[in-house]
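Just need the whole structure built from these sequences, with the hints factored in.
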Amino acid sequence: MVQHLGGHLDASFAALSDATRRGVLEQLGRADASITELAETFHMTLTGMKKHVGVLERAGLVATEKVGRVRTCKLGPSRLSGETAWIEGYRQLWSSRFDELDTIIEELKRKENVDERKKRR
Amino acid sequence: MNARKDGEPKPTKNRTTVEAKSEREVVVTRTFDAPARIVFQAWTTPALFKRWWVPKSMPLALLSYEADIRVGGGYRLVFDVDGTKTMAFFGKYLEVTPHSRIVWTNDESGEDGAVTTVTLEEKGDKTLQVLHELYRSKGARDAALASGAYDGMGETFEQLDEVLVTPGGTS
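Listed in order, the protein sequences are those of chains A and B. Counting from 1, position 13 in the first sequence corresponds to residue 13 in my numbering; the numbering is continuous, with no gaps. To convert, take the position in the second sequence, counting from 1, and add 121; that gives my numbering.
Fair warning: there could be bad hints in the mix.
[Claimed, not checked] Okay, the calculated beta carbon distance ranges per label pair:
| no. | chain 1 | residue 1 | chain 2 | residue 2 | range |
| --- | --- | --- | --- | --- | --- |
| 1 | A | R30 | B | F210 | 30 to 36 Å |
| 2 | B | P219 | A | L46 | 56 to 62 Å |
| 3 | A | G48 | B | P219 | 50 to 56 Å |
Hints are computed from structural coordinates only; laboratory data are not their basis. In this text, a Cβ means the ideal position worked out from N, Cα and C, and glycines have one as well.
Following this line, the structure appears as structure tokens:
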């Protein structure tokens, strides 16, 4: 998986792998919030929340702005709402499932072709 | 969004799309380069189904799979969760129409269980597969979207996560 890194989508998926971060996105989908508020909502330390917000920010899912001493977070340019984010994760699961199904289908097709040829002989 | 731009020598795959059709529904579509009967065979032959239902990227190991694929018949999938617990998914088939349609219930979450319908439609030498999940409520659908998908992918994501969180790890 590591070789796929660098893609924006991969950063998004990685950012979304964590329940807290998905919660943060949902929360920000409702209203902008400061890091302190987010830390309180998710019962975490400020440092812990800063780290999560940093991951979301690098993925473009969250944008932050510092006004005075308060850093406000809002949904970023990637604009993945909570629901879109869930759907992307869900799609990833079905996509890998169906890619495996593709392999099986190719096998079945090959087998069928071989059987056909045998019959004709 | 094209995720495969970085010169990966992978063959072009058909794309899987997901759409939240309504508050209680999710629709997953995918085309296969094969006739419907072959796709149907891969769905309804337990030995084959076992090989694709749990993708390699999924950290869960499938311990057992039993299925009596006919109307009224049941299925049961048992997964190993980190070697200490097992997790079962089960339900029964409401409809099994060769080469075109399979409908089953998902009873592991009790009352909230979704009904899944897979339809196969042949288009030339390809088959359009539509998987439709109907949940009892928006809450049940959201819970499935949020947890179901990610729980399976968790470990893979966590590995990526570590790389991203480590300073200098982002490429």
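Going through the hints against the structure:
no.	hint	result
1	R30(A) - F210(B): 30 to 36 Å	holds, 32 Å
2	P219(B) - L46(A): 56 to 62 Å	holds, 60 Å
3	G48(A) - P219(B): 50 to 56 Å	holds, 54 Å
Consistency with the previously given hints is maintained throughout, with no hint failing.
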